[in-house]
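Chains as they are written, first to last, in our numbering: chain A, 1 to 367; chain B, 1 to 367; chain C, 1 to 367; chain D, 1 to 367.
Watch out, some of these pointers could steer you wrong.
For chains that are exact copies, the list does not tell them apart, and a pair is met inside one copy or across any two.
The calculated lysine-lysine pairs, modelled on PhoX-like cross-linking and capped at a C-alpha distance of 25 Å, are [as the list claims (entries may be wrong)]:
1. Lys275 <-> Lys363
2. Lys275 <-> Lys366
3. Lys145 <-> Lys360
4. Lys275 <-> Lys319
5. Lys144 <-> Lys363
6. Lys163 <-> Lys201
7. Lys48 <-> Lys201
8. Lys197 <-> Lys145
9. Lys261 <-> Lys201
10. Lys273 <-> Lys201
11. Lys366 <-> Lys163
12. Lys313 <-> Lys201
13. Lys273 <-> Lys319
14. Lys366 <-> Lys201
15. Lys163 <-> Lys261
16. Lys197 <-> Lys275
17. Lys360 <-> Lys275
18. Lys163 <-> Lys273
19. Lys165 <-> Lys275
20. Lys261 <-> Lys319
21. Lys145 <-> Lys319
22. Lys145 <-> Lys363
23. Lys165 <-> Lys273
Hints listed in this document are in silico derivations from the structure and should not be mistaken for laboratory results.
4 protein chains.
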Amino acid sequence: MLSGNSTGKTLVVTCFGESHGPCVGAVLDGCPAGLPITVDDVQTELNKRRPGLTVVSTLRREEDQVEILSGVFNGHTTGAPICLIIGNQNVESEAYEQMRHKPRPGHADYAAITKYGGFNDYRGGGRFSGRVTAAYVAAGVIAKKLLGLIGVEVLAHTVQIGKVKIQKNVSFDQIRENVYENAVRCAVPESAMLMEKEIVKAAEEGDSLGGIVEAVALNVPAGLGEPVFDSLDSDVAKMMFNIPAVKGVEFGAGFQAASLKGSENNDAYVVRKGKVVSLTNNAGGVLGGLSTGMLIVLRVAFKPTSSIARRQKTVDLTKMEEAEIEVAGRHDPCIVPRAVPVVESCLALVLADHALRAGKIPKVIKA
Amino acid sequence: MLSGNSTGKTLVVTCFGESHGPCVGAVLDGCPAGLPITVDDVQTELNKRRPGLTVVSTLRREEDQVEILSGVFNGHTTGAPICLIIGNQNVESEAYEQMRHKPRPGHADYAAITKYGGFNDYRGGGRFSGRVTAAYVAAGVIAKKLLGLIGVEVLAHTVQIGKVKIQKNVSFDQIRENVYENAVRCAVPESAMLMEKEIVKAAEEGDSLGGIVEAVALNVPAGLGEPVFDSLDSDVAKMMFNIPAVKGVEFGAGFQAASLKGSENNDAYVVRKGKVVSLTNNAGGVLGGLSTGMLIVLRVAFKPTSSIARRQKTVDLTKMEEAEIEVAGRHDPCIVPRAVPVVESCLALVLADHALRAGKIPKVIKA
Amino acid sequence: MLSGNSTGKTLVVTCFGESHGPCVGAVLDGCPAGLPITVDDVQTELNKRRPGLTVVSTLRREEDQVEILSGVFNGHTTGAPICLIIGNQNVESEAYEQMRHKPRPGHADYAAITKYGGFNDYRGGGRFSGRVTAAYVAAGVIAKKLLGLIGVEVLAHTVQIGKVKIQKNVSFDQIRENVYENAVRCAVPESAMLMEKEIVKAAEEGDSLGGIVEAVALNVPAGLGEPVFDSLDSDVAKMMFNIPAVKGVEFGAGFQAASLKGSENNDAYVVRKGKVVSLTNNAGGVLGGLSTGMLIVLRVAFKPTSSIARRQKTVDLTKMEEAEIEVAGRHDPCIVPRAVPVVESCLALVLADHALRAGKIPKVIKA
Amino acid sequence: MLSGNSTGKTLVVTCFGESHGPCVGAVLDGCPAGLPITVDDVQTELNKRRPGLTVVSTLRREEDQVEILSGVFNGHTTGAPICLIIGNQNVESEAYEQMRHKPRPGHADYAAITKYGGFNDYRGGGRFSGRVTAAYVAAGVIAKKLLGLIGVEVLAHTVQIGKVKIQKNVSFDQIRENVYENAVRCAVPESAMLMEKEIVKAAEEGDSLGGIVEAVALNVPAGLGEPVFDSLDSDVAKMMFNIPAVKGVEFGAGFQAASLKGSENNDAYVVRKGKVVSLTNNAGGVLGGLSTGMLIVLRVAFKPTSSIARRQKTVDLTKMEEAEIEVAGRHDPCIVPRAVPVVESCLALVLADHALRAGKIPKVIKA
């Protein structure tokens, strides 16, 4: 379909809502019947990306209370589409009036005005706001539950904020235990402290930072993905680029692979405990567009938040002359920490979609 | 649709064929009626990725002769689906018999055998062979012609082979003039020579190299792309990851943007010659998933060719024990040069698809 | 996509909700920006199918109050997806408890229990309830407005209830003026009275009736429809069969055409007022899957309401033995009258989808 | 996707080719790996609709030789897309020159010229020719084989030609044994003779006939179909309307159901041999868009062949004035007999698609 607000082929998410409208939401279609799910399950995950919780976050405080409008009955999915909505409450729209004619650098404003002839809801970025990712997270909860049925686990963590990087090796346990214990969603507590400081400093300077989120998926069975155009990595990459502010995606050795030789980059197969595994994982768990049965590993690069508390050059579109803009509104000085659960959810959504396509998850979940 | 062999929503490519079957091909659906097209137009572009032409290329020599089976009448497209096939001729399948049970490291073999229960055509990689990209290029010819109608031009060039990189700044004229004048498809002749040497050296060592291809699109109108899930960058990225051996994609400042501050990364708007433009282009021409009207710029990382002339560790799947494999067959020591026209075609296909979606190209092309 | 709750390719409706859940609703994606729309516009149309309004209708009284959750700003569509919900209020679920194990004849119960392993929301038919068509009507309002921009008008009217048929020829003015003036949505007042009596009589006997709705579309431009698999008639037919209780669809001469000779059935072309028209319209405005520029005419057959106030034979699925059921709940003795606005909306949705596909409606509506 | 040349969601057919181009063909994507298939399997079915075989058929004699270009290896499907082409040989295009400006009554010519600005391949009807259905039949062979794996059988037969109808009750064995034993594809030999005569008589008068084809599917499991928009009946109906000349489709009691009372039309459930079945089958095997487990029964109405050997009124589009046309070319006086295998194939394609969606057929077929 032409409209761009649906994704997935088996587990389909149709997303709607604007930053300053009544709500953001999603319709999740294709979920098998019989999956146990409660409002609390969704709320718990949503809280991980909720704004206004930490020192490094926007002042916009939202309860992000989710409602399930359909598709769940007696605590289980019914097989019918699941509509989830998350109300918008803490809305201050006045700050955005100037945006109608003065596009904010780094934002979609100019392109959106051009595309929609000025009819787009510009308040808070409207449809282009990072707030839409709350719906990705809500839908992701169900994806994670489906993956759980076949033992697949998805994790994400911050590996870089501005110029502060973690040392490479973190265990899955470190990720599981530490990520949501600090404000920057980093698995290494010492790095987390440095990252936090970096964000606070940038915020004090009226500036903003970007960073990199790494995501991994454990126990993904070999053979997920559909060649040639719905390869697993292409679908994951597409989903990641649908998160606002993402500028790059790489799997396994990624851009570094370009400098390696074949003899260095190829992952040799061996047998371990009766299973085929590879000694290294430069592939990041995907070869020829199919999962290899090894760990799925990818990194997602986020640019610094476009809204900064500084005067910036722009254009007054009504007069077609240069102008300045001071972006008010309330913004995260670095969106990376709040992007962590979003990246996690997006990876889960794509994997669940492909697991369903491959027939790995039944159409009816039996207790 | 579930099957993974179609891509695009307005200009839809359905791809078929295997490396050692009768042919590879594509059905291109959704092309407006009235576009002038000849077999020669397609052949000219196909020749750019034809194997066996240069010192750095595989010994498999294919004529890559294209046939148009439908959708073109009296030298123009009719509005009906266009089926293009490219025959396979120089096939040597014997070398691949061992692959049935011994997956080649770096290739899709193991995942494919798992997925298809061993029924996949393993000869030459079958459906997973880079040969399928000949069909992308054939379809891309029509995409480029459609884009030409609205003044959009797509270029691609090699910016890195192994550890040899070009210096950043090349002009569009350099790209246009030089790329297909050297074996590595590089816009800088001196770098091209170094790259060529690097490939020859790796080949002599029985090894292989990867690299990075940069693609740009000029004159793309602002507002292409569909938020939130069919954003322009997500569709381009998806298409690129469908090229075998791609491990990373980034737009504009890309992964570097993660280390920048907002004040450094934001592209300020100004008015030039009555048009809104940005002073810098860290965005790579895409914000909020929409084209900004600036140059589209992206880089695509290719891993080194997986087939190397060395003994490698693998597993004999029939015995589930470790084994060795020497990959015979004929392979490019570096596929990056031949990937250049593929990257170009893939970018053109996505842009043409989005231009049609946005109604920028009419349903009937008038002379 | 696999899930069955979306329809359309340019103007896409994703539907959700159950009869006894919080609401039914739809997300309409792909609507151009700039279309004026208010809650009242939608409400007015919804009221035409509202239950509980006439003697021939169910006792379930619903306000059917619509809310617009997204995609509309300052009284115009924004180009973002439009989420519409219609709350369920007058819900009496107790009557449905027996349905869990005793499928009602004529309903989807047995197939649904089989398909969803018993997890389906059985209350009031759940996802299979005719109540979901309220969302079709809500979405249809926008489709009609879009068609209005290019002068296309859609009308529907009851031509048969049980064995009472209207005489064939009614003018468009009669349809426009009379249809919503009587309880059975018939363009001929005398026939309407007979039909009403017939329904009342059947209801008194604890029985139900079916009927036939005819729909027409005026001023549809020639050339809408996409051969070969998205022909206009195939898309209209598909949409009609998605209305509960529909058992047949025919265009123009329809089933009668099977008995005609070619010389009788072919519609001869002539020129009238500088336009190509046909003297007859046995084609019903569609040839080769494309609109001919003539009136689109189709008829849709509805079976009698499956819920009747009589004891019926069924099966107790827990014991796998024969049983009896008396269907309680509140039901229309004939759903045809309330189906009229639904048929109208469904035709409008398909035509608007195809008009957008054909580029007949701009991406941004200018005042 | 926007283009109309693909159908199905799990088993996807993309169709291409014109009546007088090099070939017609189809790409079938989504077929599980491991299905045994040979060229002969396809050829046998294609021969059933081959032109030029009987007294009641067109004089165009085509070998209809099929080639498999991809997706089959060692006698089994590989899981990759299967491209099938059927060459056009017995082409006489001269007769069609006048059609460029004088649309033939009953054909798509006028709408097609309008839609494609005159670029459409008009020879033999081009893309709108019934010849495209050869590709449906070729693809249908694979669908039937897939259905065979789960015991589903599809049958079709002529029940009416012009005004000659069969008496209602024919057994499945009669259909299996008799249909392809006579020229009109009728299960009742005596009726077949009358029908044949009727066609010969119409042909002698330079006229043509229509008719009705009934299709049935046996052993379809309960629960196929996806509410609300991809219901089983809606998908079957859509597919049937994509066969040229179809003007009506009805299931079970169909249009007759409109005159029945609920108490007459409802199919009572009983238990027989431990299975839930219904005593009657007015539903035609579909309720609420889901298969009920009973026999699927539908009827498809075909209009008389539009090409008749008589002078007809039309319009000269270059002069916009009335004109006459005598349609030359070679045509079936009644296409119903050759439509029988097409209806059968179309039903099989939709059922196989839904069986795959429902997970009833495995992704890999084991011997």
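Give the relationship of Lys273 and Lys319 under a CA distance limit of 25 Å: within one copy only, between copies only, both, or neither.
-> between (71 Å within a copy, 14 Å between copies)
Is the C-alpha distance from Lys366 to Lys163 at most 25 Å within one copy, between copies, in both cases, or in neither?
-> Neither: 48 Å inside a copy, 47 Å across copies.
Is it within a copy, between copies, both, or neither that the alpha carbon of Lys261 lies no farther than 25 Å from that of Lys201?
-> Between copies only: 11 Å across, 41 Å inside.
What label fits Lys261 with Lys319 when the C-alpha limit is 25 Å: within, between, both, or neither?
-> For Lys261 and Lys319, neither the intra-copy (55 Å) nor the inter-copy (30 Å) Cα distance is at most 25 Å.
Between Lys197 and Lys275, at a C-alpha cutoff of 25 Å, which is it: within one copy, between copies, both, or neither?
-> Neither. Shortest intra-copy (45 Å) and inter-copy (41 Å) distances fail the 25 Å Cα cut-off.
At 25 Å max between alpha carbons, let me know whether Lys366 reaches Lys201 within a copy, between copies, both or neither.
-> Close neither inside one copy (52 Å) nor across copies (47 Å); limit 25 Å.
Can you give me the call for Lys360 and Lys275, within, between, both or neither, at a CA distance of at most 25 Å?
-> within (19 Å within a copy, 29 Å between copies)
Taking 25 Å as the upper bound on the Cα-Cα distance, should Lys273 and Lys201 be classified as within, between, both, or neither?
-> neither (50 Å within a copy, 39 Å between copies)
Using 25 Å as the alpha-carbon threshold, which applies to Lys145 and Lys363: within, between, both, or neither?
-> Both: 14 Å inside a copy, 23 Å across copies.
Within, between, both or neither: Lys145, Lys360 at alpha-carbon 25 Å | Classified as both: same-chain Cα gap 14 Å, cross-chain 23 Å, threshold 25 Å.
Alpha-carbon proximity between Lys197 and Lys145, which holds within one copy, between copies, both or neither at 25 Å | Neither. Shortest intra-copy (35 Å) and inter-copy (52 Å) distances fail the 25 Å Cα cut-off.
Can you give me the call for Lys313 and Lys201, within, between, both or neither, at a CA distance of at most 25 Å?
-> The answer is within: 23 Å in one copy meets 25 Å, while 50 Å across copies does not.
In this structure, the hints that do not hold are numbers 8, 10, 11, 14, 16, 18, 19, 20, 21 and 23, in rising order.
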